[in-house]
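S.K.: Numbered according to the UniProt record's numbering, the sequence shown spans residues 1 to 69.
Don't take every hint at face value.
Restraint ranges, calculated between C-beta atoms of paired labels, are given here [stated by the list, open to error]:
# : residue 1 : residue 2 : range
1 : Thr40     : Ala68     : 13 to 21 Å
2 : Asn7      : Gly53     : 32 to 40 Å
3 : Ala68     : Asn41     : 18 to 26 Å
4 : Lys60     : Asn22     : 35 to 43 Å
5 : Ile3      : Asn41     : 18 to 26 Å
6 : Thr12     : Asp69     : 29 to 37 Å
7 : Asp28     : Ile3      : 18 to 26 Å
Read the hints as simulated data drawn from the structure, not as lab findings.
No residue lacks a Cβ here, since even glycine has one placed at the ideal position from N, Cα and C.
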Amino acid sequence: MKISARNKLQGTVTAIETGAVNSTVRIDIGGGSQITAMITNEAVEELGLAVGGSAYAVVKASDVMVAAD
1 MKISARNKLQ GTVTAIETGA VNSTVRIDIG GGSQITAMIT NEAVEELGLA
51 VGGSAYAVVK ASDVMVAAD
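With the hints as constraints, model all of the structure from the sequences given.
M.R.: Structure follows, in C-alpha coordinates:
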(Lines of atoms letter the chains of each structure in order from A; the text may use other names.)
(Lines give C-alpha, C1' and ligand atoms only; values in the text may rest on other atoms or scores of the structure.)
Protein backbone atom coordinates (compact mmCIF):
# COMPACT_ATOMS: atom_id res chain seq x y z
CA MET A 1 0.00 0.00 0.00
CA LYS A 2 1.38 3.41 -0.99
CA ILE A 3 -0.11 6.45 0.66
CA SER A 4 1.13 9.98 1.29
CA ALA A 5 -0.12 10.07 4.90
CA ARG A 6 2.62 9.50 7.43
CA ASN A 7 0.41 8.53 10.34
CA LYS A 8 -0.22 4.86 9.46
CA LEU A 9 -0.75 2.64 12.47
CA GLN A 10 -0.86 -1.09 11.80
CA GLY A 11 -2.82 -3.32 14.10
CA THR A 12 -5.36 -6.08 14.56
CA VAL A 13 -9.11 -5.65 14.27
CA THR A 14 -10.59 -6.48 17.68
CA ALA A 15 -14.24 -5.55 17.13
CA ILE A 16 -16.69 -4.58 14.42
CA GLU A 17 -20.09 -3.29 15.51
CA THR A 18 -22.43 -3.02 12.54
CA GLY A 19 -25.28 -0.52 12.45
CA ALA A 20 -27.88 0.27 9.83
CA VAL A 21 -25.45 2.26 7.64
CA ASN A 22 -22.11 2.51 9.47
CA SER A 23 -19.86 0.20 11.43
CA THR A 24 -17.58 0.97 14.34
CA VAL A 25 -14.21 -0.74 13.84
CA ARG A 26 -11.74 -1.10 16.72
CA ILE A 27 -8.05 -1.72 15.94
CA ASP A 28 -5.49 -2.72 18.58
CA ILE A 29 -2.26 -0.93 17.66
CA GLY A 30 -0.22 -2.43 20.51
CA GLY A 31 1.09 -1.12 23.78
CA GLY A 32 -2.40 -1.16 25.25
CA SER A 33 -3.66 1.37 22.69
CA GLN A 34 -6.68 1.04 20.45
CA ILE A 35 -8.13 3.23 17.73
CA THR A 36 -11.83 3.25 16.95
CA ALA A 37 -13.19 4.49 13.63
CA MET A 38 -16.64 4.74 12.13
CA ILE A 39 -16.81 3.73 8.47
CA THR A 40 -19.60 2.64 6.16
CA ASN A 41 -20.77 -0.96 6.14
CA GLU A 42 -19.86 -0.99 2.45
CA ALA A 43 -16.26 -0.04 3.29
CA VAL A 44 -16.03 -2.89 5.83
CA GLU A 45 -17.09 -5.30 3.08
CA GLU A 46 -14.84 -3.81 0.38
CA LEU A 47 -11.81 -3.89 2.69
CA GLY A 48 -12.57 -7.43 3.81
CA LEU A 49 -12.31 -6.42 7.47
CA ALA A 50 -12.85 -9.15 10.05
CA VAL A 51 -12.11 -9.54 13.73
CA GLY A 52 -8.59 -10.94 14.08
CA GLY A 53 -7.50 -9.57 10.72
CA SER A 54 -4.79 -7.02 10.07
CA ALA A 55 -5.67 -3.40 9.27
CA TYR A 56 -4.18 0.08 9.21
CA ALA A 57 -5.54 3.18 10.88
CA VAL A 58 -4.54 6.20 8.80
CA VAL A 59 -4.80 9.47 10.70
CA LYS A 60 -4.81 12.81 8.89
CA ALA A 61 -2.89 15.29 11.03
CA SER A 62 -5.29 18.15 10.31
CA ASP A 63 -8.12 16.13 11.88
CA VAL A 64 -6.35 15.51 15.20
CA MET A 65 -6.86 17.86 18.14
CA VAL A 66 -4.12 18.25 20.73
CA ALA A 67 -4.71 19.54 24.27
CA ALA A 68 -2.70 20.12 27.44
CA ASP A 69 -3.86 20.27 31.06
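S.K.: Let me make sure I understand: some of the numbered hints might not hold for this structure. Which ones are they, in numerical order?
M.R.: 1, 2, 3 and 4
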